[in-house]
Amino acid sequence: MGFAVAASGGGGNFQHPFKTTFTSDGMLFAAGVVNGLMPVIKVNGTPVPIIGDSKHAQPLLKLDSKAIDRATLQSWACIEVTPNADGSLDAKSLIEIVHRDSPFSNVATVGRQPVALILWTAALKPGRVFPQLWFNLRYYRTNPPAGGGAPKHFFL
Amino acid sequence: MMIYPPRKELKERAPARPLAGANMRLSTSWAGVSFSAPTGSRWRHPWFTQPRWDADARRWVATVKPGFVNGNAPVVQMTIAEARAAADQGYGKNPLSGEDYFSAWIFDHPKEAFPSFILDVPLYFSPALPLTFRGIGFDAPGSAVPQFFRDRGVNAAPPTLEDNLLSGAPENLDDAGPPKGNRLLRAADIILHQPRTGLTSNVSMEPGIVTGVSNVTQTLSLLSPSPADRLKVYCTSDFSEEQAAASGIDPLSGDFTEQTFDEIPVATVYLLSPPNTAPGTAPDATWTPFVQHNLFWDLNYAQPAFSPVSNTQNALGDLLGVATILGGGTAAIGINFATASINDAFQTALNILQGNSMTGSFWVPTGGGSTSRFPQTPPVPAQGATGLDKDGRLAAQRAAAAQARRSASLDGPFPYEAPAFPTAFLNS
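Chain order of the listed sequences is B and F.
The C-terminal position of the first sequence is numbered 156 in my numbering, with every residue numbered one higher than the one before it.
The C-terminal position of the second sequence is numbered 584 in my numbering, with every residue numbered one higher than the one before it.
Hint data in this document are derived by calculation from the structure and do not stem from the laboratory.
We put the beta carbon where it would ideally sit given N, CA and C, even for glycine.
Incorrect hints may appear among the rest.
Examples of chain B residues lying across from chain F (beta carbon under 7 angstroms, computed) [what the hints assert, rightly or not]:
| # | residue |
| --- | --- |
| 1 | PHE14 |
| 2 | PRO103 |
| 3 | PHE130 |
| 4 | PHE155 |
The calculated lysine-lysine pairs, modelled on BS3-like cross-linking and capped at a C-alpha distance of 30 angstroms, are [claimed, not checked]:
| # | chain 1 | residue 1 | chain 2 | residue 2 |
| --- | --- | --- | --- | --- |
| 5 | B | LYS62 | F | LYS221 |
| 6 | F | LYS221 | B | LYS66 |
| 7 | F | LYS388 | B | LYS19 |
| 8 | B | LYS125 | F | LYS388 |
| 9 | B | LYS19 | F | LYS221 |
| 10 | F | LYS388 | B | LYS66 |
| 11 | B | LYS152 | F | LYS388 |
| 12 | F | LYS221 | B | LYS125 |
This is chain B alone, in the form it adopts within the complex:
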């Protein structure tokens, strides 16, 4: 075959959990966990771990231009967590990376943590991506207040 020469990737490559790779079709994510559980991306309705598994290739988060904030031309890739009724997370809980027009969830049962900010061009094409999450996560949900109200979702 011959010989090959390789080099380190340079100082600009900081490998961290949930590191995003921006492609023309969407975004890929490096491995990362929430309470030790790896989030999924739904591919045609099927949840696939963000680094893929034995049956599926690494899934791509599609960036839909309908899910952006038109006033600021921003959107977010977010981790959305739907815990069990008691607030705990286990293998049956839904931990998903989704594309949203806001970093905040207005659904009381869902906690949302932004992973990356996507800036769109005036032609509604994704332009630049800013990572916003650098570590694995631990999730905690408070109990709903006794007098009624929504629980709080914390990512620590």
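Chain F: place on chain B using the hints.
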């Protein structure tokens, strides 16, 4: 750099054909084959602050690498006239975006019509933040000089006449001039400003049934921030967290209104003058900038819930009752207690206000739970610092100390530090 298979094995294979391995670019020409390895830019953390001298405006400005709070980018507020002036000066290419500074759509406003109109420019458009400095050191009496700058020739201010009189030391006018090689120091604080809901209280007193005892009613209610207030980054020459927290609260006049924002320092920019600069000189391009960061990672932010006062506050006074009031559509809590003096009433009111403060907290989601202290890099002993060669050992130690001074930074080692999650939120 690695070459594989090893040269020994290569000799057994012929002909050897060069291949591009990981992160390596190969190009072939008549002269042969060349490999190009990427140098890679140094990774810079969020909130990385870069000061520079603006030669046209003759002032120091800074750009801050975008950091985010709950996913949102803070803004820098500037007038259209300032934005236009900055664009006209031509800052060149922004290394982060590869585009011209101030070329983004947000700067495309009718500049002529409203030159004093305030623009909210998000940090990801790299707006230049004008810096305003305070003096530290020889020409700023009363200021403390960090050891980092003492090592670089900054001297503390000489004692004043009052200091000498108080200490009994004789005044020596010969020593009033700056020491030889003296360097001056200036500092500017860059602050992250987060609007939030504040707490305000109204205290009223009526004579009680018992002589000399008043019934006090304190009504706690929420105060919204100004609609124009934004999550922003700004520069100030003198920032004090304690002073900011206490603003709006004056127990003597019975004014208990919390501020409607939280603030945290992003970084402090220092400017170090050349040696023998005359005291009082304004900084220019000849001064050397240093940055001490306080934030290194993107932040989450939350406020405690506004909830009825707990019974534990009986200890603060004779708490007679707590009632939730709805006035003007805003939730409020009425608290009744009895006291003998107006000072006691105001102190109790202040304690209740502070005990139910709406002050929020910043933290970094590190997955580390309640602590965000990262392990520090263990110190590496200097080469030759052990052994029987005493001269060599001392020389190695001196060389290591000199190297440490040269490479010293105001920031700690990677992975830096992060504000910890406030565990009190888990009890709410």
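The hints, checked one at a time:
no.	hint	verdict
1	PHE14	4 angstroms, holds
2	PRO103	3 angstroms, holds
3	PHE130	6 angstroms, holds
4	PHE155	5 angstroms, holds
5	LYS62(B) with LYS221(F)	27 angstroms, holds
6	LYS221(F) with LYS66(B)	28 angstroms, holds
7	LYS388(F) with LYS19(B)	26 angstroms, holds
8	LYS125(B) with LYS388(F)	27 angstroms, holds
9	LYS19(B) with LYS221(F)	18 angstroms, holds
10	LYS388(F) with LYS66(B)	28 angstroms, holds
11	LYS152(B) with LYS388(F)	25 angstroms, holds
12	LYS221(F) with LYS125(B)	23 angstroms, holds
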